[in-house]
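There are 2 protein chains.
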Amino acid sequence: MDQPSRAQLPWFIALSQVIGLSVVVITGVWMGHYRGGFAWDGSSLEFNVHPLCMVIGIVFLYGDAIMVFRIFQNESKAAVKILHGIIQLIGLIATIIGLVAVFEFHMEQKNPDMYSLHSWCGLITVILFGLQWLMGLVFFLFPGASNWLRAKYKPLHVFFGLTLFLLAIATALLGITEKLLFSISDGYSKQVPEGILANVLGLLLVGFGLTVGYVVTRSEWKRPPNPEDEPLSMHFKTLTECDSPDSQQ
Amino acid sequence: MDQPSRAQLPWFIALSQVIGLSVVVITGVWMGHYRGGFAWDGSSLEFNVHPLCMVIGIVFLYGDAIMVFRIFQNESKAAVKILHGIIQLIGLIATIIGLVAVFEFHMEQKNPDMYSLHSWCGLITVILFGLQWLMGLVFFLFPGASNWLRAKYKPLHVFFGLTLFLLAIATALLGITEKLLFSISDGYSKQVPEGILANVLGLLLVGFGLTVGYVVTRSEWKRPPNPEDEPLSMHFKTLTECDSPDSQQ
Numbered sequence: 001m002d003q004p005s006r007a008q009l010p011w012f013i014a015l016s017q018v019i020g021l022s023v024v025v026i027t028g029v030w031m032g033h034y035r036g037g038f039a040w041d042g043s044s045l046e047f048n049v050h051p052l053c054m055v056i057g058i059v060f061l062y063g064d065a066i067m068v069f070r071i072f073q074n075e076s077k078a079a080v081k082i083l084h085g086i087i088q089l090i091g092l093i094a095t096i097i098g099l100v101a102v103f104e105f106h107m108e109q110k111n112p113d114m115y116s117l118h119s120w121c122g123l124i125t126v127i128l129f130g131l132q133w134l135m136g137l138v139f140f141l142f143p144g145a146s147n148w149l150r151a152k153y154k155p156l157h158v159f160f161g162l163t164l165f166l167l168a169i170a171t172a173l174l175g176i177t178e179k180l181l182f183s184i185s186d187g188y189s190k191q192v193p194e195g196i197l198a199n200v201l202g203l204l205l206v207g208f209g210l211t212v213g214y215v216v217t218r219s220e221w222k223r224p225p226n227p228e229d230e231p232l233s234m235h236f237k238t239l240t241e242c243d244s245p246d247s248q249q
Numbered sequence: 001m002d003q004p005s006r007a008q009l010p011w012f013i014a015l016s017q018v019i020g021l022s023v024v025v026i027t028g029v030w031m032g033h034y035r036g037g038f039a040w041d042g043s044s045l046e047f048n049v050h051p052l053c054m055v056i057g058i059v060f061l062y063g064d065a066i067m068v069f070r071i072f073q074n075e076s077k078a079a080v081k082i083l084h085g086i087i088q089l090i091g092l093i094a095t096i097i098g099l100v101a102v103f104e105f106h107m108e109q110k111n112p113d114m115y116s117l118h119s120w121c122g123l124i125t126v127i128l129f130g131l132q133w134l135m136g137l138v139f140f141l142f143p144g145a146s147n148w149l150r151a152k153y154k155p156l157h158v159f160f161g162l163t164l165f166l167l168a169i170a171t172a173l174l175g176i177t178e179k180l181l182f183s184i185s186d187g188y189s190k191q192v193p194e195g196i197l198a199n200v201l202g203l204l205l206v207g208f209g210l211t212v213g214y215v216v217t218r219s220e221w222k223r224p225p226n227p228e229d230e231p232l233s234m235h236f237k238t239l240t241e242c243d244s245p246d247s248q249q
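Protein sequence lines, in the order shown, are assigned to chains V and R.
Residue numbers are given in UniProt numbering: position 58 of the first sequence equals residue 58, and the series is strictly consecutive.
Residue numbers are given in UniProt numbering: position 30 of the second sequence equals residue 30, and the series is strictly consecutive.
You can trust all of the hints, since none of them are fake.
Not close to chain R: a few residues of chain V, all C-beta gaps over 10 Å, as computed:
1) A14
2) G32
3) V49
4) R70
5) I71
6) I82
7) I93
8) M107
9) L131
10) W133
11) L134
12) P143
13) W148
Capping the alpha-carbon separation at 27 Å, the derived lysine-lysine pairs in DSS-like fashion look like this:
14) R:K179 - V:K179
15) R:K154 - V:K222
16) R:K190 - R:K179
17) R:K152 - R:K222
18) R:K222 - R:K154
19) V:K222 - R:K152
20) V:K110 - R:K179
21) V:K190 - V:K179
22) V:K222 - V:K81
23) V:K222 - R:K222
24) V:K179 - V:K110
25) R:K179 - V:K190
26) R:K222 - V:K152
27) R:K222 - R:K81
28) R:K154 - R:K81
29) R:K152 - R:K81
30) V:K154 - V:K81
31) R:K190 - V:K179
32) V:K154 - V:K222
33) V:K81 - V:K152
34) V:K110 - R:K190
35) V:K154 - R:K222
36) V:K190 - R:K110
37) V:K152 - V:K222
38) V:K179 - R:K110
39) R:K110 - R:K179
Rather than coming from a laboratory, the hints here were simulated on the basis of the structure.
Built from N, CA and C at the ideal position, the CB exists for glycine as well.
Start from the sequences and build out the full structure, keeping to the hints where you can.
This is the structure in structure tokens:
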């Protein structure tokens with residue numbers, strides 16, 4: 001990696017974190033201040049858990065999980081892969097809590113489920129996110145898959161991983177639009193502060209997708225292939241047998 | 001390009017065209033059959049021109065324009081670049097007609113403008129689409145830009161080109177959600193056919209983005225660099241001086 005290009009990377013990562021944390025905070029302020037706060041009682045306060053868990057799990061943590069390979073360029077790739085899988089697992093758990101919140105709210109309020117484009121896109125994204133995580137575990141951690149199969153699967157894992165991240169963001173934008181039209185329909189067209197705040201949240205979500213997408217696709221920032229880039233199962237073995245994986249390289 | 005991989009490319013391009021044309025037809029059916037058809041009279045029939053022009057211009061033609069470099073692998077790159085610019089220009093004109101339709105409709109009906117997330121994302125996307133087209137013209141067609149500058153700008157043109165395409169699709173999904181909640185709010189939750197059709201349209205839009213995104217980013221399908229990959233201005237000169245650009249190669 002040439003030096004001027006490498007010097008820019010931390011700035012883009014810092015920018016992504018500022019935008020990503022703003023997304024989480026603004027979602028919290030929107031639900032906490034304008035929509036009455038949070039609870040787990042089947043009321044609209046339980047619904048409020050849904051957007052917050054989704055932006056934490058399937059947007060912020062997901063984005064950070066796919067950036068770890070750029071953030072930790074000098075650490076053992078095996079360790080970075082395990083970190084990637086752990087962050088995605090935490091994100092998946094937050095996502096499932098967010099889903100339970102909205103389904104429980106609908107059940108308690110006797111609201112119909114799964115009719116909107118937001119719900120269709122969202123359920124597809126979450127199911128594929130779970131499958132993608134399992135496929136990653138099977139292909140890259142368990143020793144059964146051959147190196148040939150791993151090499152074949154890797155570009156698909158990368159492509160679908162980024163695609164699902166972008167689909168999660170698009171679904172969040174749909175959720176913002178639905179929530180505003182349900183909750184403040186008249187005020188929205190009069191540009192009340194809640195509507196402006198939620199629109200700004202939408203733009204920040206787009207900005208987070210753009211920044212993370214740029215960091216993970218810019219070719220000069222890709223981790224150069226090196227001998228440590230072996231099947232994770234080998235490193236996993238190394239990690240459990242030795243004090244430090246680096247001593248093997 | 002290895003043969004098995006190359007053999008798959010036409011199938012993916014065909015799939016993208018089937019999905020892309022379905023998007024245009026279903027938008028036409030939605031607006032034509034369920035929303036009363038098309039007119040240019042300031043009524044809701046003028047609004048109906050908006051979704052149709054947008055999916056033709058900034059989704060279908062835009063997607064095809066970014067795929068031309070994969071579709072025409074053996075043709076002169078100069079000719080393919082000119083085709084790319086022309087398709088994008090036609091798409092941009094369709095997009096502007098679609099924008100005029102919705103602004104005229106709002107003006108006639110005294111509806112407020114530019115308060116929704118759809119409108120914010122849409123206006124940003126269209127302005128950046130116009131700028132991206134102009135930048136492409138200046139950098140790749142006019143002889144003023146140096147080769148160094150062109151090489152520096154190209155990855156940005158590619159990244160922002162794909163980003164704007166995906167943002168256009170996300171904006172279309174927001175438009176679908178808005179239109180359904182405004183026009184059939186109660187029926188939507190009861191899963192009336194119009195709502196199902198529009199949701200299917202949304203999924204097809206996602207499918208179009210996915211297919212085009214896969215075609216243009218799969219590394220084995222990239223056009224290999226070769227001597228004809230020179231500044232377009234040189235080829236433009238060649239095209240105007242000779243019968244066939246291929247005779248120069």
